[in-house]
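> Chain residues, written in single-letter form:
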Amino acid sequence: MYHWDFYAVLQSFDLFLWGMWATFLYTVGSIAFGIVIGLASCFARLSNYRLLRLVARVYQELFRCTPLLVQILWAYYALPMLLGINISNTTAGLMTLSLYVGSFYAEIFRGGILAVDRGQTEAALAVGMSGRQTMRHIIMPQAIKNMLPAFINQSVIQLKNTSLLYAISVAELTYMTSEVNAQTYRPLESYTLAGILYFAMLFPLTQIADHYERRMRRHD
Amino acid sequence: MTKPEAIAENSVISISGLTKTFGALTVLHGIDLTLTRGDVLGVIGPSGSGKSTLIRCLNMMEAPSGGTFHFRGKEVLPRFKGDGKKIGMGDLRRHVGMVFQHFNLFPHLSVLDNVTKGPRVVLDKSRAEAEAHAMDLLSQVGLAEKANFFPSQLSGGQKQRVAIARALAMDPDVLLLDEITSALDPELVGEVLTVVRRLANAGMTMILVTHEMGFAADVANRVIFMEAGRIAEEGSPEEILRNPKSERLKAFLSRFHG
Numbered sequence: 054m055y056h057w058d059f060y061a062v063l064q065s066f067d068l069f070l071w072g073m074w075a076t077f078l079y080t081v082g083s084i085a086f087g088i089v090i091g092l093a094s095c096f097a098r099l100s101n102y103r104l105l106r107l108v109a110r111v112y113q114e115l116f117r118c119t120p121l122l123v124q125i126l127w128a129y130y131a132l133p134m135l136l137g138i139n140i141s142n143t144t145a146g147l148m149t150l151s152l153y154v155g156s157f158y159a160e161i162f163r164g165g166i167l168a169v170d171r172g173q174t175e176a177a178l179a180v181g182m183s184g185r186q187t188m189r190h191i192i193m194p195q196a197i198k199n200m201l202p203a204f205i206n207q208s209v210i211q212l213k214n215t216s217l218l219y220a221i222s223v224a225e226l227t228y229m230t231s232e233v234n235a236q237t238y239r240p241l242e243s244y245t246l247a248g249i250l251y252f253a254m255l256f257p258l259t260q261i262a263d264h265y266e267r268r269m270r271r272h273d
Numbered sequence: 030m031t032k033p034e035a036i037a038e039n040s041v042i043s044i045s046g047l048t049k050t051f052g053a054l055t056v057l058h059g060i061d062l063t064l065t066r067g068d069v070l071g072v073i074g075p076s077g078s079g080k081s082t083l084i085r086c087l088n089m090m091e092a093p094s095g096g097t098f099h100f101r102g103k104e105v106l107p108r109f110k111g112d113g114k115k116i117g118m119g120d121l122r123r124h125v126g127m128v129f130q131h132f133n134l135f136p137h138l139s140v141l142d143n144v145t146k147g148p149r150v151v152l153d154k155s156r157a158e159a160e161a162h163a164m165d166l167l168s169q170v171g172l173a174e175k176a177n178f179f180p181s182q183l184s185g186g187q188k189q190r191v192a193i194a195r196a197l198a199m200d201p202d203v204l205l206l207d208e209i210t211s212a213l214d215p216e217l218v219g220e221v222l223t224v225v226r227r228l229a230n231a232g233m234t235m236i237l238v239t240h241e242m243g244f245a246a247d248v249a250n251r252v253i254f255m256e257a258g259r260i261a262e263e264g265s266p267e268e269i270l271r272n273p274k275s276e277r278l279k280a281f282l283s284r285f286h287g
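Chains A and B supply the protein sequences, listed in that same order.
For what it's worth, the working numbering labels the leading residue of the first sequence as 54, then goes sequentially.
For what it's worth, the working numbering labels the leading residue of the second sequence as 30, then goes sequentially.
Pulled out of the complex, with its shape left as it was, chain A reads as follows (with noise of 0.2 Å):
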């Protein structure tokens, strides 16, 4: 029987301290460029363009359909070659975290502006809003109900996704609780706090994102 012994994995407890603090400030900032992207490439392939319409397509499936961590190693390693430039691992990690989920949020957007009724439009116009005063009044405040559980749920995939910075060294949770294994040589204790870790930050959040999403449904 294992002799679970927390004792010098805890004596490191301040580096998973700092991890976690960046494994917040990375999902924070990469769901907020996220969403300015998403809504962007939502637009886009709304828009009445058939240009910017492929432009968005291509940009959300080439991030769609290729593995997360091939895009960081890539944006870490290969993209510094190919332009010429040095990129740090922070900008890199960030960049392509935001870009990932930035090609999500685009569907998600889109397909909460696409399910709010075709009369509710109507409704707006005839009574001579324009069309930036229908989606504004009358559209985005039902889409953003409609899409409120995928993009909640794509977030908390978001705070996890962060872990795989890990192969480029960014000092995130993951990697610093790799950092205190190899210190300590507890895999089992350094690993199932880390797992405490991202629980704990997530779960309230669910809760919380449960909360309010009941409360805005309570007029249906």
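Keep in mind that the hints were calculated from the coordinates and are not lab data.
Possibly wrong hints are sitting among the right ones.
[Unchecked claim] Subject to a maximum C-alpha distance of 20 Å in a straight line, what follows is the list of computed SDA-like cross-link-like pairs (lysine to any residue):
1. B:K154 / B:G171
2. B:K110 / A:R185
3. A:K198 / B:Q182
4. B:K175 / A:R271
5. A:K213 / A:I88
6. A:K198 / B:F179
7. B:K110 / A:T174
8. B:K110 / A:M188
9. A:K213 / A:F252
10. B:K154 / A:R185
11. B:K110 / A:S183
12. A:K198 / B:S181
13. A:K198 / A:L167
[Said to hold, decoys possible] Derived, one-sided and incomplete: chain A residues facing chain B with beta-carbon distance under 8 Å:
14. G172
15. Q173
16. E175
17. A176
18. A179
19. V180
20. G181
21. M182
22. S183
23. Q186
24. M188
25. H190
26. I191
27. P194
28. Q195
Only a predicted model underlies this, so the values are computations on that prediction, with no experimental measurement involved.
No residue lacks a Cβ here, since even glycine has one placed at the ideal position from N, Cα and C.
Following the hints, position chain B against chain A.
Below, chain B without anything else, positioned relative to chain A:
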């Protein structure tokens, strides 16, 4: 082109030779129609005859494929903004209200906000002013006490009355009613028709596409019978509904009697 003098002085809506095609399908074959202030026009006809398409052209929900369209003497342009001489779709729709078969209330807004949204966004009215007007309209349709309810909490008849108040909030010159009782349970039709009758008595200019023949006879001062994308017969309710001339109209009406 219709010559300006051909458009009656007090005409609100005037169309001539209006056509509408969807791809290879022609839905409207050259409709001529003039609506003057205070007119209540009933539009009847079998489904697929082009009734709905016709009134959807009148607020540019569908862009006509051909013919001319004047609103209060100004030509209507198929784009949002007009220029000095011609009127754009945005301006047209401010003045031409529409009520839909399936209500299309905004589910994320309270009854009051459904009614005030248009005036606030489109006419830039203050909240206080828009709400005072909305409360007045809601009491006219008998729903003042539901102002803070949401559409999901209302019956079909109540929803449709809110939709009428929403259209009236823009102070329209014309109201287009597109089969507004067709989606209602029979026992809820009366309350909606009562509101429409009151509007007619108050002098509101309206076009109502309807299957309620008795009601059309009651409130309309003119009725058109449409068939296959054309106006097949036109006249007073008495002429059209009690003394139909064509066999087709007779056959159509016989399905509603007895």
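> Take the hints in turn and mark each one as holding or not.
Quick rundown of the hints versus the structure:
Only pairs whose Cα atoms come within 20 Å are accepted, and K154 (chain B) paired with G171 (chain B) is rejected, the gap being roughly 24 Å. The suggested pairing of K110 (chain B) with R185 (chain A) holds, with an alpha-carbon distance near 13 Å, which does not exceed 20 Å. Under the criterion of a C-alpha separation no larger than 20 Å, the hint pairing K198 (chain A) with Q182 (chain B) is consistent with the structure, at around 18 Å. A threshold of 20 Å between alpha carbons decides the hint, and for K175 (chain B) with R271 (chain A) the separation of about 17 Å falls inside it, so the pair holds.
For the suggested pair K213 (chain A) and I88 (chain A), the alpha carbons sit about 17 Å apart, so the restraint of at most 20 Å is met. Between the alpha carbons of K198 (chain A) and F179 (chain B) the distance comes to roughly 16 Å, so the proposed pair stays at or under 20 Å and holds. Taking the CA atoms of K110 (chain B) and T174 (chain A), the gap is near 18 Å; set against the 20 Å cutoff, the hint holds. With a C-alpha separation of about 18 Å, the suggested pair K110 (chain B) and M188 (chain A) falls inside the 20 Å cut-off, and the hint holds.
Distance restraint check for K213 (chain A) and F252 (chain A): the Cα-Cα separation of roughly 10 Å lies within the 20 Å cut-off, and the hinted pair is therefore satisfied. Among the hinted pairs, K154 (chain B) with R185 (chain A) is consistent with the structure: their alpha-carbon atoms are about 18 Å apart, no more than 20 Å. A C-alpha spacing of about 9 Å is found between K110 (chain B) and S183 (chain A), which places the hinted pair at or below 20 Å, so the restraint holds. Of the pairs offered as hints, the one joining K198 (chain A) and S181 (chain B) holds, with about 15 Å between alpha carbons and a cut-off of 20 Å not exceeded.
For the proposed pair K198 (chain A) and L167 (chain A), the alpha carbon gap of about 12 Å is at most 20 Å, so the pair holds. For G172 (chain A), the interface hint holds, since its Cβ comes within 8 Å of a Cβ in chain B; the closest pair sits about 4 Å apart. The criterion of a C-beta within 8 Å of any C-beta in chain B is met by Q173 (chain A), whose closest approach is roughly 6 Å, and the hint holds. With its C-beta approaching chain B no nearer than about 6 Å, E175 (chain A) sits inside the 8 Å limit, and its interface hint holds.
Because the smallest distance between the Cβ of A176 (chain A) and any Cβ of chain B comes to about 4 Å, under 8 Å, the interface hint for this residue holds. With a cut of 8 Å, the hint placing A179 (chain A) at the interface with chain B holds, because the nearest CB-to-CB distance is about 4 Å. This hint holds: V180 (chain A) has a C-beta 3 Å from the nearest C-beta of chain B, less than the 8 Å allowed. Checking G181 (chain A) against chain B by beta carbon gives a least distance of about 4 Å; that is within 8 Å, so the hint holds.
Annotation: M182 (chain A) was flagged as interfacial toward chain B, and the flag holds, the nearest CB pair being 6 Å apart, inside 8 Å. For S183 (chain A), the shortest C-beta to C-beta distance to chain B is roughly 6 Å, which falls under 8 Å, so the interface hint holds. Interface hint at Q186 (chain A): satisfied, since its Cβ lies 5 Å from the closest Cβ of chain B, which is below the 8 Å cut-off. Taken as an interface hint, M188 (chain A) does not check out: its beta carbon lies about 12 Å from the nearest beta carbon of chain B, beyond 8 Å.
A cut of 8 Å between beta carbons decides the hint on H190 (chain A): the least distance to chain B is about 6 Å, and the hint holds. Interface hint status for I191 (chain A): upheld, as the beta-carbon distance to the closest one in chain B is roughly 6 Å, under 8 Å. Taking 8 Å as the C-beta cut-off, the interface hint given for P194 (chain A) holds, the closest approach to chain B being about 5 Å. At a threshold of 8 Å, the smallest CB-CB gap from Q195 (chain A) to chain B is about 5 Å, leaving the interface hint in force.
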